[in-house]
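Those protein sequence lines, which keep their order, are chains A and B. Residues are numbered in the numbering used here as their position in the first sequence, beginning at 1, plus a constant of 558. Residues are numbered in the numbering used here as their position in the second sequence, beginning at 1, plus a constant of 811.
Hints should not be assumed to be uniformly reliable.
Said to hold, decoys possible - BS3-like cross-link-like pairs, simulated, lysine-lysine; straight-line CA separation at most 30 Å:
| no. | chain 1 | residue 1 | chain 2 | residue 2 |
| --- | --- | --- | --- | --- |
| 1 | B | K1130 | A | K840 |
| 2 | B | K1130 | B | K1082 |
| 3 | B | K1098 | A | K876 |
Stated by the list, open to error - Covered by chain B, according to a simulated footprint, are these stretches of chain A (three or more residues, beta-carbon under 8 Å):
| no. | region |
| --- | --- |
| 4 | 815-829 |
| 5 | 844-852 |
| 6 | 879-890 |
Read the hints as simulated data drawn from the structure, not as lab findings. Note that the Cβ used here is the ideal one computed from N, Cα and C, for glycine as well.
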Amino acid sequence: MLLAGGQGSRLYALTNNIAKPAVPFGAKYRIIDFPLSNCINSGIDTVGVLTQYQPLVLNEYIGNGQPWDLDRNFGGVHVLSPYQKKAKSAWYEGTANAIYQNLNFIKMYNPEYVLILSGDHIYKMDYSKMLKAHIEKQADCTIAAIEVPLKEASRFGILNTNADDSIYEFEEKPKQPKSTLASMGIYIFTAEKMYKYLEEDEENPDSSKDFGKDVLPTMLKAGERMFAYRFEGYWKDVGTISSLLEANMDLLGEPPAFDVSDGDWKIHSRNPLAPPEYLGEKAVVKNSMLALGSEIYGTVENSVISSNVVVEEGACVKDSVIMSGSVIKRGAAVSYSIIDENVIVDENACIGEDKESAKGIAVLGRNITVGKGAVVKGGDIVDKSIEMEVK
Amino acid sequence: MSAVGVIFSNIHDENVPELSRQRTMGSIPYGGRYRLIDFALSNFVNSGITTVGVITKNNYQSLLDHLGSGKDWDLARKTGGLILLPPFGATNTEGLYRNRLEALKNITGFLNRRNEDYVVLSDCDGVFRMDFSDVVDYHEAKGADITLVCHDEEIDSASGYTAIKADETGRVTDIRINSMLRGKNKFFINVMVLNRSFLIDLINDSVAHGYKSFREDIILKNTKKFKIYAYDFNGYHASIDSLSTYFKHNMELLDKNVRDELFGARDIYTKVRDSAPSKYGSDSHVKNSLISDGCVVEGTVENSILFRGVKIGKGAVIKNSIIMQDTVIGEKVITDCVITDKNVVIRDNRILAGCDVQPYFIPKGTMI
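Chain B on its own, in the form it takes in the complex (with noise of 0.2 Å):
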């Protein structure tokens, strides 16, 4: 098996504007010391794919301040190792892209010159520990044209999804978009593989037929022309497709078995920030929380989610929030349901609350 990695990091900022609004998707910050891209990227390193483009579009300042040179993922390598691929980097490439098929057509004169048989693509919106090699031997063993890593989802609104339906074989035999479908399906999770000669064929083809759509005008038209193969994956898997399923998957990591899942073998990768161990007052009162390293709780925390270098002052009451890095919450401050983002300040004896499907959101740098 050989194959190179892309990631999209911006295709589904959409989903959570209230994040993505000054960052990609790939770097909205994760389970209290994660970005969302730390999962795409520790799954490609650990499947022992260690070329990995990451495809950029705009806002990407912090994804690029997160990634660095790679290090922390192994990937500062002198074969491979990660590389970034923003708009413009080429003369030929058309700037700007709109969808996949765009951003792949930017990109092929990096999959021109990579030698691997297969490309691994992933977006962002995934939370999941998987390794990438099973679907790529599951792909070179079918003979696929393209294999749609696929998980059984219970969802609310299909809006957005992209439902499965494939035989016995795993033969893909009916997509279905944005349809009205409701409780447990099959979903393509936003992982496919393909040959790395037959996706650039794609790409080239699309281009001359001038076709917009990836998933529409290439997949869907063509269900029955290519193979088509479903991979079933069937570990955790959560997508974030709006703030508050980015709350409620947040908040499952509270649950031991969700995190021994994610996190029991150590390797999921993020950048390293050398805070200080997280320190608790003689009156701090936690329970059922997680908290990240460089936290200074005085209060009590209750079935939230501390992200680094978080301050909780004496006598708060910090209850099911997520709280983003270097927030600083005053003394006697409530908050229920409430999800802040990077650097807040909530000053002494603020009350704030939201509810659990429509999570009380504060911007970045707000002060309260």
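Only chain A is shown next, with the shape it has when bound in the complex (with noise of 0.2 Å):
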């Protein structure tokens, strides 16, 4: 079950008209890809997709699941979003209550584990052998948990373990943190135990309805199996600017520090329907990663370029993400941005700010123009169309 309702408030103007799950990443990729891919390579052939918050490019974006393989007669991929009941109908309140909504799907396939994941999180991870720990624990409830620096320990939701891995504390966004083993959001529950606590919490008039707060430490203060299970590898949560343009970053270098391009663990994906990517005669390219169909004229460095961009001759790009169908005119140049699709920079603007001198990232949401020489600050996000100031 995929938590994919998520506004993502934190990625601003980029999330404007799209949930966060579908945010484009890694060129040619959404976030979504990543626990799909992930579910397809770990076995994993029925998934609910739980979606709430401006669905319909998410929903467009997953169709009937074909690129993941996911369009089965049996199981397969499924959009769930809220529905009319016929007494109490509501929006999904929370993480806990979005799954105990849909309670009814579950049951459908009778399974007998569980596994919850969120749809912001870029990492490659097989959760089959996190299933095969919960089996041979017996646990009731199973964390995926990620050892993250002491400094950022107190962003997470810590796990405080014994020497087996099993649980005897929670602490969310703890100041003081007493580990630093982080929860990922991802969780396997035994369905009958889920099932159990999760209906026990809705009616529970004082929960919030979330996993992490409520029904996790419920479970373990009733004195059920609980245990981490320790992730090594690449995880990044994409839920800022910072972080997203970071995450993007991680693609680069050789070899770089997240690899898209294993083929033993593949990231499916929709493709663009475009032919190869073409660099003009005066193009400089730089470790960068680009995509079909986009062209190259002027300069990149340091950049992840999405399928049919057009960087047009003597303009530079540098150290940022442009995503599909933008243009960046003549004479432009943009540093330390993020540019979402569909956006016009006209000749000479000037995006963003030297990435080591920049006060923040720049940000350009979909389907604007920024008109000839106008200037975008670093740290600035902009929404709206604008044309040059008048001085």
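Bring the two chains, given one by one in their own frames, into a single complex with the hints.
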């Protein structure tokens, strides 16, 4: 069950019209490609995707699930949005409530175990290994966890464990963390236990109906067997502008911090219908990633460029992410920025500032035009077309 | 307009023996991420013709692998869709065909079962983007028996070509094959439209008369008797009739005008492979080239086309070359006018060169 209803408000203009899991990533992917590919690569072929906030792009993207081999006669991918009920229809009120509202869907498949995922992380993980650990330990709930640096630990839900990785305490964003083992928001439940606790949680008027805050602590208090599953590898929450840019940059270099070209663990996606990218006579492309259909006539350095992007001659893109269909016109300079889909940066416009000296990342929301010679400063977030300031 | 499409995947195999040694003409890789059959298939789909039979004869493993269920062309359908027509497809067929007429004899069962009014026949030797429904409309409006799609082409050698002369109404007045024509002339580009029932009658009649060749025994001998019309296609069209024209026409894709005409509408479909986006190293220099997904470029690439998953090592200089899928080029390799087939490995420091009229070809899977 993939929780994909989040608004992703810390991505600002990038999630004005689309849900966070549908945000483009890594030149040709969307964030949701990673958990979906992990599912199919782990042998999980029945996936419910819970949507709520701005689902159009996400629903359209998932379609019948064919790009992930999830178009099945039995199982496959199903988009689950909130629905009208005979009594008390409601939006999804929290992660636990979202799953609770879809217990009928889960029970239809009569599973022994249920895997809960969130749609805003970039990582490659074999869930079947986690399930194996869950079964071996005869756990009621297993939580995937990763070691994080001590200074960042207070941003996460921290798991305090015994030597056998059984959990004795949860701390939600602790000021003084006792350990550095952070929950990744990936849970495996033994199905019957999950049904029981979700139904109880629903009855509790004081609950905020959240797995991390309510359901898991209640289970622990009741003495259920709860274990941490230690994950080692690349894992990144891309919930903020800076982490999204950082995660894109992690794809660059040889070897990259995160490799999407791993033939044994393919990241599946919908593919752009476009010819190969074209690099012109004066193109300069260094340490960058390009997707099909883009045309580069200018300079691109340390950047991730999606499909059908045009960078005209004399334009320069550095340390940036440009999403599909955008055009960077002659003489424009883009540095340390994220530019959403179908943006036009007109001639000699200047977006963002040098990475070293910028006070933040410049962000241009989708479908806008930045006029000739206009300036967008580092850290600015723009979601409406702008003209050059008249002096 | 209701029409069914038929693609001949093998018919021009002998045009480019180097590339068709282990595959059909239709499955020859082209333009960085396509196969020749993608152009014909996409033309059918984009013209609203969604029942397409693909005739194969031999060497068709790569073709079947490429086509799969047809879903990448939106041709995995309950009604119509992609229909593979291999040899020995029915008990009344005669097995391996030797020419177009015998191939058609083999598929009379398929043609009989359809209910469309027209049949559009297309080969796989052309690279072009065309609305076939315009030809069918033209064919219908003219009340033609056969409509031949023609293109004005400048060719060096007319051997294998069918030159067409038509009057001002479009009616074909003269057809010549293998003539000594030079320069720019109107040629048949191996796409034709016939009434389905007329085609079935033609096939039955030619079987009864023991005819051998569709072009020579039927079209050529009946230029006056049948109502044969020429339809002029004025867009970009590349005929692949040899390794050197294959090379030349691939290189034409480096011209933005050609690319815009073929791919501008972004509706040439092909099998997707879920490759990662391509990566360019800090010391890469790429000029005037097409690079497909999954490539890792660390050297210099100029005036070249790289297919999916190609690796170019540090210090390598690739000029005027076509490097096919999953080829690995080592460090400091130099190539000029080279075509590598799939899965070639060129080890460090090799220097390989051909020339533009005779590119140096390296067969599939070779290690140099």
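Quick rundown of the hints versus the structure:
1. Our distance criterion of 30 Å between C-alpha atoms is met by B:K1130 and A:K840, whose separation comes to about 16 Å.
2. At roughly 27 Å between alpha-carbon atoms, B:K1130 and B:K1082 fall within 30 Å of each other, so this suggested pair holds.
3. Simply put, B:K1098 and A:K876 have alpha-carbon atoms about 19 Å apart, close enough for the 30 Å limit, and the pair holds.
4. With a threshold of 8 Å between beta carbons, the proposed coverage of the region 815-829 of chain A by chain B holds, since 7 of its residues qualify and at least three are required.
5. Check result for the region 844-852 of chain A against chain B: holds, 8 residues qualifying (beta carbon to beta carbon below 8 Å, three or more required).
6. Using a Cβ-Cβ cut-off of 8 Å, 0 residues of the region 879-890 of chain A lie near chain B, which falls short of the minimum of three, so the contact claim is violated.
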